[in-house]
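Novice: Okay, here's what each chain looks like letter by letter:
Protein chains: 2
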Amino acid sequence: MSILVVGSVAFDSLTTPFGSVDRCIGGAATYFSVSASFFSDVSMVAVVGDDFGAEELKVFEGRRIDTSGLQRIAGAKTFFWSGEYGYDLNVAKTRDTQLNVFADFRPQLSEAQKQSDVLFLANIDPDLQMSVLEQTERPRLVALDTMNLWIDIKRSSLEAILRKVDLVVINEAEVRQFTQEANLIKGARQILALGPQRIIVKRGEYGAMMITPDAVFAAPAYPLENVFDPTGAGDTFAGGVIGYLASRKELSDAEFRRAIIFGSVLASFTVEKFSLDRLREVTMAEIRERFSEFRHLTHFEESE
Amino acid sequence: MSILVVGSVAFDSLTTPFGSVDRCIGGAATYFSVSASFFSDVSMVAVVGDDFGAEELKVFEGRRIDTSGLQRIAGAKTFFWSGEYGYDLNVAKTRDTQLNVFADFRPQLSEAQKQSDVLFLANIDPDLQMSVLEQTERPRLVALDTMNLWIDIKRSSLEAILRKVDLVVINEAEVRQFTQEANLIKGARQILALGPQRIIVKRGEYGAMMITPDAVFAAPAYPLENVFDPTGAGDTFAGGVIGYLASRKELSDAEFRRAIIFGSVLASFTVEKFSLDRLREVTMAEIRERFSEFRHLTHFEESE
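Protein sequences appear in the order of chains C and X. In terms of the working numbering, the first sequence is residues 30 to 333. In terms of the working numbering, the second sequence is residues 30 to 333.
Just so you know, these hints were derived from the structure itself, not from any lab. Only a predicted model underlies this, so the values are computations on that prediction, with no experimental measurement involved. Glycine included, each C-beta is placed from N, C-alpha and C at the ideal position. Any given hint could turn out to be false.
[What the hints assert, rightly or not] Simulated DEER-style distance windows between Cβ atoms:
no.: 1; chain 1: X; residue 1: Asp156; chain 2: C; residue 2: Gln226; range: 50 to 60 Å
no.: 2; chain 1: C; residue 1: Arg324; chain 2: X; residue 2: Thr312; range: 24 to 34 Å
no.: 3; chain 1: C; residue 1: Arg309; chain 2: X; residue 2: Gln219; range: 31 to 41 Å
no.: 4; chain 1: X; residue 1: Ala132; chain 2: C; residue 2: Gln219; range: 45 to 55 Å
no.: 5; chain 1: C; residue 1: Arg192; chain 2: X; residue 2: Asp181; range: 49 to 59 Å
[Unchecked claim] Among the chain X residues that face chain C by a calculated CB cut under 10 Å, a handful are:
no.: 6; residue: Arg218
no.: 7; residue: Ala247
no.: 8; residue: Pro249
Using the sequences and the hints given, assemble the complete structure.
Specialist: Below, the structure is given as structure tokens:
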């Protein structure tokens with residue numbers, strides 16, 4: 030089963046309490062694709078400048094990732110983000126954002142991409158998300174992420190695309206910002222009322238929560254003694270969730286629950302090193318082992 | 030099996046985004062005792078003024094609570110706390126604290142209390158916690174709570190009592206404050222290094238985490254659409270945890286996990302109304318039903 034992802038491929042400059050790194054590989058579509066490719070074929074629609082060279086492209090090589098939809102614009106620069114984290118690793122402070130090639134990005138799908146089985150609309154302008162969705166032959170699962178910027182400046186476009194997706198994967202703070210509702214469950218239900226069947230709320234070190242009209246599922250984050258760099262954790266999580274789901278025939282509630290655990294496992298690797306350094310070296314055996322540890326982390330028995 | 034609890038019985042004046050209440054019943058020992066009494070016999074050591082009358086004492090009546098150790102000081106006033114919550118119900122702002130009778134509180138245990146099976150040292154001056162522990166014939170389980178004030182002004186006393194307890198039940202922010210360690214797991218392990226076998230970290234709306242030298246257990250909070258007043262949630266949680274444990278012969282890891290779920294269930298009732306208004310009307314059937322719902326909230330299966 031094939032996943033189509035549209036989103037950013039970027040260079041990031043990062044400072045955490047544990048170190049700094051300059052112009053490392055980043056971008057939502059990058060983290061998402063590498064993560065999802067452990068389970069399914071992924072096809073990217075994204076854009077880079079010619080500063081994103083052969084060395085950088087290696088991050089996608091030897092994986093189930095089709096980069097034929099990754100445009101490379103000669104004489105232009107790749108999207109750049111610079112951010113900083115304090116000891117509260119849940120909150121990034123943006124130092125600089127340079128859209129560069131992303132400013133004029135108009136995604137065009139190939140014929141094969143239009144037939145994708147699953148679509149993930151990573152965090153980009155909701156009008157671009159809509160243009161991608163409209164080019165497809167309605168995949169069996171369409172999921173979206175977004176950010177505070179679009180809630181602020183493109184609310185009606187965001188509402189329009191929210192009405193057309195099956196699954197929303199966003200941060201807790203974005204649920205509260207979008208709905209102006211302090212209670213997370215109430216806020217999530219307001220978003221479901223727009224049309225999506227499910228919402229998965231990302232809560233950083235507190236894990237994730239899935240809300241459907243008739244159930245709630247809560248999963249902790251994998252407890253790590255060394256969280257080095259949280260950049261990309263949310264996109265890696267989404268990649269694990271969607272990647273696993275795309276590999277399944279039936280999208281039952283039980284499969285969604287397992288998908289969330291796989292997403293949490295993948296994200297727990299990403300934060301162990303800068304950029305995709307840890308994610309690139311992870312093996313499926315390590316992923317399965319950590320999945321099993323999640324069982325022990327959350328398991329309890331009914332009384333006698 | 031009997032529990033001895035030492036801690037505050039109080040009047041609280043509270044403001045939440047959903048309303049205000051003046052001089053309602055509060056105090057850590059109050060919430061703890063009512064919660065624990067669903068599972069075990071509880072004996073209190075606490076002090077009130079004569080403003081805490083027959084009407085107030087009804088909160089303990091008809092329950093497995095022995096109030097013979099609740100001193101009533103004529104002509105004096107009960108401990109008073111006034112606090113306020115914004116939409117972020119995880120953080121209380123203290124408006125006023127009046128120690129009143131609590132300022133001269135010197136707990137004296139009865140012969141029966143000295144033989145208690147389990148001891149819970151609720152959040153009071155760590156020197157008083159030590160004096161209570163020293164009067165006992167070392168119960169089979171000793172647990173303690175504390176607060177930011179004692180970490181600030183009585184650190185060495187707090188360290189001394191921490192070295193003598195089996196179980197620590199404190200807030201996430203207190204772990205970070207006490208250890209000056211941003212990573213919760215690392216911080217918890219620093220506290221375990223002092224002597225306790227287990228620490229249960231209270232995380233408000235994010236649930237609870239238990240850390241032992243060789244395992245971590247994470248449980249979400251019960252998802253509620255209407256959280257009305259978080260006051261007493263942590264003490265109610267501790268009451269459920271300790272109450273359940275005191276009712277068990279063996280204190281295995283599996284029992285601790287169930288205890289945390291029962292604690293979370295009890296706490297989820299407390300926050301639904303002001304003061305102990307909801308906790309007072311809860312039935313064991315409701316508690317068991319919500320316990321079962323926790324299974325569905327956290328349950329996932331291994332892949333096929």
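Novice: Which constraints among the numbered hints does this structure fail? Numbers only, ascending.
Specialist: none
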